[in-house]
Amino acid sequence: MTTEAVPSRRSFLKGGVMLAPFVAAPAAALAPDDSRSRLTRLEAEMAARSLHADLLRRINTGDRIGAAALFADPRSARIDANWITVAAAADAEPDAIDVSADGRRACGRHVCMVETISAMALDSTFAQMAYAQGGGHVRQTERKVMIVDYVRNEAGWAIGQVQLTSA
Amino acid sequence: MARTPYPKQQFHRLKWTALSEATITARLAPVAAAGPAHASTLSNALSGETLRIVTDKGPSLTYRFRSDDRLTVAQDGGRAVQAGYGALDLGKVTFFAHLIPGTMQGFAVVMDQASGMATVFELWFGGQQEKREVSRAIWHGYVDRAGREPPAARNVATNRIEGKGFYWKQDTGAETLEFYPSATYSHFVELTRTGGELGFCGPSDYIKIDDETYIYTRTESEFSGIFTIYVIDLNRLEQVGLRLGFDAADKVDYYVFRGNGEWLGQIAQFEKFGDTSGGPALPRPGATGQDNTDPDAKGARAIYRPLKTYPKMTKAEVDAAVAKSRRIFVPPASGSGASGMAVNGAPSSGGLAGKTMTVRYDDGPAMEYRFDKADSLRWRMNGAGDWTTARYQAWESAPGVFILGHLLEGAPNHDGHMVVIDLDHGLATCFNGFVNTPFYANEAGVKTWFGTVEAENIVPPKYRRHEHTDELLGRALTWNYAPGLTSMHLYSTPNTVSWIIFTDTGAGGMEWSGPGEFVKIRDDLYFAYWLEEACNGTLGTILINMRTMHDAGIGYHCGPEGLSMSQVGAHSRHAGKFDIAKYFAIKTEGGKA
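Each protein sequence line maps, in turn, to chains A and B.
Residue numbers are given in my numbering: position 52 of the first sequence equals residue 52, and the series is strictly consecutive.
Residue numbers are given in my numbering: position 220 of the second sequence equals residue 220, and the series is strictly consecutive.
Just chain B, same shape as in the assembly (with noise of 0.2 Å):
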């Protein structure tokens, strides 16, 4: 029976289990021990050595290594403890990881052989509401050996390789492509566990040991919660690390790895020149989508954690406010929803005003519109019924193009259709959104519609429509909504949409991502969605123009205050585009890309 790459569910659809603190424990005990998992034969550079690694905020470690894969350990001075250890080298980096048995608590080290730095990443168990997702506090410090002088430098957080974008083939044969659009976060794509599908997003560090070696990590919270850390040789795409945590199926991840990449390329980064800092956000009490931690707690960092704070409401509950309230396309100071993301949007049209036409698409209805007037139109589907009459709104992204905006009044699920019709060329796309949806009923779904329009000298084609595009796979474009909200996309695979969230230093920090489309209207000129699955529900459809670097847009979103849709609109720079588009081609041999 032939398998399918594809898991039952994605990432941000699964139930992961909450592991106790006991059950963790208890399944670390045999794996401390013996010493994380290893495809690649382990380094014996530490074998027989004796040293302390002392940070300078953290602990002090006093290791003995009695073979490759065996050492003691004592922390702070205190009693030592025996562990299984796995280390590699990365030219003058030696990286090794081992965790404390009978405790939750293990480290990450990384030993500049030839500076005598080091980094030593404090990982832990049940520091965060999910008790399985890792918990980390960076130490930096050096190698202290006798006879030796401390070295005065020390690793640092940086913001020198924001902007990359790598393949990874880890020798466990595990495939992914991890991009670096953020100083703080990070974005990736599973193309071997999971297929590919989408991209995820999770906190990382970015610490530089020089001009050429970068230490990252990862933490797939809202997750899995698995830690991944690696060093990375930048020059000879090669990396070392470890990944730990608990998978899917609740089983164990530990193990050491060590992996070659490809280049995927950089893309543009936007703080000053002259500005090299990294470094987390620390965490905003109060703010949503966040726990309440401690700024001052070890370890603490801003981590986004959307579906906390999200209003899940039922059928009965989303039918409610929806009758309740209806605000669509009003003025942004009447509380239309997004009043911040159409500041720098462009002037509605008045184009259609005045003309009728029908909207044929190909998998749903017929669309009869009569636009009275440049913000009143009325609609009959299928030829049948009564007129309704509707508020819209039209924008002219090019010449004949238009996309607008409706709700459905009185459709069971309170649809909304985003639309683009070319008059020029008699053809017409909706993202039609609606709510009800199986997971929130006031999250948004959408469904793809290619047409038709019929209209007065308009014959439109019999076979022609606009399709899916891969023009704008592995773009990233930012969207300046207002002063002080600026965005970039990331097209991170043929289906999904990556956002990065600027700080106000012009670094990248928080991201995050989910399901999208991307339709070609006409050369340079894209209709695509993003849909805030698990996040805060909204269907965001926006016309690219890579022309006007312009685009024009409407939220649908709904929640407790009702349903809304609103203009979204920003000025945009074309942040620059990896190319990773082979990696998702479908091949005859075996179906592998």
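The shape of chain A in the complex, shown without the other chains (with noise of 0.2 Å):
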């Protein structure tokens, strides 16, 4: 029972996906039934960990067409146009994923540092002259939860939308 778990196991470490909490259940004591959930919960977590990377990398680099493309319906993706980059907190818990019962949607929690650029209103004669020579912006890095819904579809696991909260 358990030998089935190992390589997927193997398959996540590769993968660099955190599975403390998975190594440490008590393997012997799963019921088939159990093991099957159990992987599409690994399955799901996989996949949602994935995407998450995915969309990080696609706004760090600018692609918010390739970003936008992440999310079950495209059009509807709600990635603010302030977020320059978005990282994870290198000294925030492991990112924590919720499977739904039935396996076809997930939730991410990750605690990210959120650098975002804001225009400056231009009404005083300092604020004019910094953006006249290429300022006029306020940049600020918050640490932020980012609230990540994920939705099985036909075509596999995408991002359903997106939400930051404060820390």
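Misleading hints may appear alongside valid ones.
A short, non-exhaustive set of chain B residues, derived as facing chain A with CB atoms under 7 Å [what the hints assert, rightly or not]:
hint: 1; residue: 290
hint: 2; residue: 293
hint: 3; residue: 294
hint: 4; residue: 484
hint: 5; residue: 501
Cβ-to-Cβ under 10 Å is the rule here; a few derived chain A residues that face chain B [unchecked claim]:
hint: 6; residue: 56
hint: 7; residue: 58
hint: 8; residue: 121
hint: 9; residue: 125
hint: 10; residue: 127
hint: 11; residue: 128
hint: 12; residue: 129
hint: 13; residue: 130
hint: 14; residue: 133
hint: 15; residue: 135
hint: 16; residue: 137
hint: 17; residue: 138
Label-pair distances were calculated between CB atoms; the ranges are [claimed, not checked]:
hint: 18; chain 1: A; residue 1: 54; chain 2: B; residue 2: 21; range: 56 to 62 Å
hint: 19; chain 1: B; residue 1: 285; chain 2: A; residue 2: 84; range: 19 to 25 Å
hint: 20; chain 1: A; residue 1: 163; chain 2: B; residue 2: 378; range: 48 to 54 Å
hint: 21; chain 1: B; residue 1: 574; chain 2: A; residue 2: 88; range: 47 to 53 Å
Simulated from the structure, these hints should not be mistaken for lab results.
We put the beta carbon where it would ideally sit given N, CA and C, even for glycine.
Hints in hand, dock the two standalone chains.
Here you go:
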């Protein structure tokens, strides 16, 4: 029973996925059905992590169209134009991925450092001068939690929606 | 009859003649043939030489120097033309300049005789909206000499002389203070030409030849359009250079000069350590206060032209705009104006609430106040008339010292009072802002009043008053108003505030300046204003606390959107001080400093 899990676990390890919670599980206690549902969950988690990594890479390289393509409905993808870079917070807990019982939905909680840029109101002399020389914007890096809904459709896993909340 | 050194109008108030290209060409013709004027003996280092200067991205110039003031030059293998020229040496550097007869073009060339490196400044009139303004393009290259390998290195744009200041005295007798608080702009005070009352700013280039030798340029954009270039020896405090353009009387100013300097000091730089980069910002089409210059055009750079986009209003328009909208200390999101100027401002104080007092100005009104709340007062002038309710804000910058501001509703010139009150000493100073001024009705004007505070338990002094001070003279203070918005003030004369806007990399960027005044309130506590004359018309008033390194202030502005009084507040750093007080002392010997 446990041998089926081993190859999957190895494939996750190759992908750099954290599996500590699963390694700690008493494998011998798993029933066949548990094992199947766990595999489903692990596959969902892997897909979610992979999508999240792809999303960050595409945001960070300025590929907004590519980032939108990761969404189940690219037209409704809401990727804030003010985001410059989004990176995993180095000191954060591992990402938490909750998978629905039917294995068709997942919700990721990713702690990130989000660098944003926003235009300054050009209503003072100094702001106008800053703009004229290429500035006139505010760059800020804030610790945020990116809540990502993942959905599984016929084509596979995709992002449902993304929301940033305060850490 | 005694003569004062002051002009009838300062640079920013002069109506500079819009010279046509035909007029410029005609006036340049005789001097192009004769060569630049000079007070010092010209160098004969080039006399009899034939050489070619090759630039990487610009022209190739083949010179034959027939004497110490005549040459022929061919551009890019074209036909050679004769011109007058002037050359001066500065150590290993030879500098020479000439015009191309029959054109509006000229060249200034800096040759490092030791390394063989050269930088060519291509100069021309007619390239800006004001044809009299000199344009420049900079081409780095080398002197191509037979039998000599071209150098691999080039002179480079740099920030390595950012933060320095000099007094210069040219061989013509002209004396200036010149400051480089920016990597792309500079600030200059004409001590002898205009009496040194105000300093002005111009876009500049800073180019490194070696660690002690640099090239500096300045274009007096928005004013005469005159171009100045010189090579500086930092250790010997010597310069050689050129001045080219048309003066206030539209006469050709075309001469090479030698000068000697005095060291004024070095203020801090704020780029990351290791960053020595330089070079101008490119024009940003659509930006306020700029030409829509093509960023790819030859010699293109961002030039601040604030008056170009300033909305100029008549008195009737001002009165209508103020009647429609007066935004007095409304939250920034409501559009009080200058929304980014107080993100780092201190919270306002309710310390005046419940107090009543009379502020009696020596040369102004007696203002009776009843501070009903932390943000609402009633005032009455000269003990007569009805009480008027006004919104105000106050900040207690030091114990017992408040800066407060309010609008005088109904005043014909829409006056706003920005007042510093010292309750411990019974003293007050007011910067009285107003509009309906002579040049543009929406441009702010200011009167300064000193006075006393009369209130319960306060016995004001009979003779003592706050006083003007030169303790800020020469200082540079940075002001971080909000993330991404940091300026530096440079107090370059007793009556000038210059402001430099930092770039994202911490380099000094665009710079402008206006009249200012400085009043000492207490030790390390100063009340100052800057007036954005011929710029954006704002009156900025700040109480500078050099112990907390925080200011509290009030901006007073009028435009088509109405009149606003809004908070100004920023964190400060002391960037340093130039030692310039002696240049502004009025001595008894002939009134000269």
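Here is what the structure says about each hint:
At about 5 Å, the closest approach between the beta carbon of residue 290 of chain B and any beta carbon in chain A falls short of 7 Å, and the interface hint on this residue holds. Using the Cβ-Cβ criterion of 7 Å, the hint placing residue 293 of chain B at the interface with chain A is not satisfied: the shortest such distance is roughly 11 Å. The closest approach between the C-beta of residue 294 of chain B and any C-beta of chain A is roughly 15 Å, which is over the 7 Å cut-off, so the hint fails. The restraint placing residue 484 of chain B at the interface with chain A holds, with a minimum CB-CB distance near 4 Å, inside the 7 Å limit.
At its closest, the beta carbon of residue 501 of chain B sits 4 Å from a beta carbon of chain A; the interface hint therefore holds under the 7 Å criterion. The closest approach between the C-beta of residue 56 of chain A and any C-beta of chain B is roughly 24 Å, which is over the 10 Å cut-off, so the hint fails. Taken as an interface hint, residue 58 of chain A does not check out: its beta carbon lies about 24 Å from the nearest beta carbon of chain B, beyond 10 Å. Checking residue 121 of chain A against chain B: minimum C-beta separation of about 5 Å stays under 10 Å; hint holds.
Of the supplied interface hints, the one on residue 125 of chain A holds, with its beta-carbon coming within about 4 Å of a beta-carbon of chain B, less than 10 Å. A distance limit of 10 Å between C-beta atoms decides the matter here; for residue 127 of chain A the minimum to chain B is near 5 Å, and the interface restraint holds. For the restraint placing residue 128 of chain A at the interface with chain B, the shortest Cβ-Cβ distance is roughly 4 Å, inside the 10 Å limit, so the hint holds. Of the supplied interface hints, the one on residue 129 of chain A holds, with its beta-carbon coming within about 4 Å of a beta-carbon of chain B, less than 10 Å.
With its C-beta approaching chain B no nearer than about 5 Å, residue 130 of chain A sits inside the 10 Å limit, and its interface hint holds. Given hint, residue 133 of chain A at the interface with chain B, holds; its Cβ is 4 Å from that chain's nearest Cβ, closer than 10 Å. Restraint check, residue 135 of chain A versus chain B: the minimum CB separation of about 5 Å is within 10 Å; hint holds. Taking 10 Å as the C-beta contact cut-off toward chain B, the hint placing residue 137 of chain A at the interface holds, the least distance being around 6 Å.
Contact between residue 138 of chain A and chain B, as hinted, is supported at the beta carbon level, the nearest pair being about 4 Å apart and thus within 10 Å. In this structure the hint that residue 54 of chain A and residue 21 of chain B lie 56 to 62 Å apart at CB holds, the actual value being about 59 Å. Taking 19 to 25 Å as the suggested C-beta distance range, the pair residue 285 of chain B and residue 84 of chain A conforms, at roughly 23 Å. Checking the proposed 48 to 54 Å range against residue 163 of chain A and residue 378 of chain B shows it holds: the Cβ atoms sit about 50 Å from each other.
The hinted range of 47 to 53 Å is not satisfied by residue 574 of chain B and residue 88 of chain A, whose Cβ atoms lie roughly 39 Å apart.
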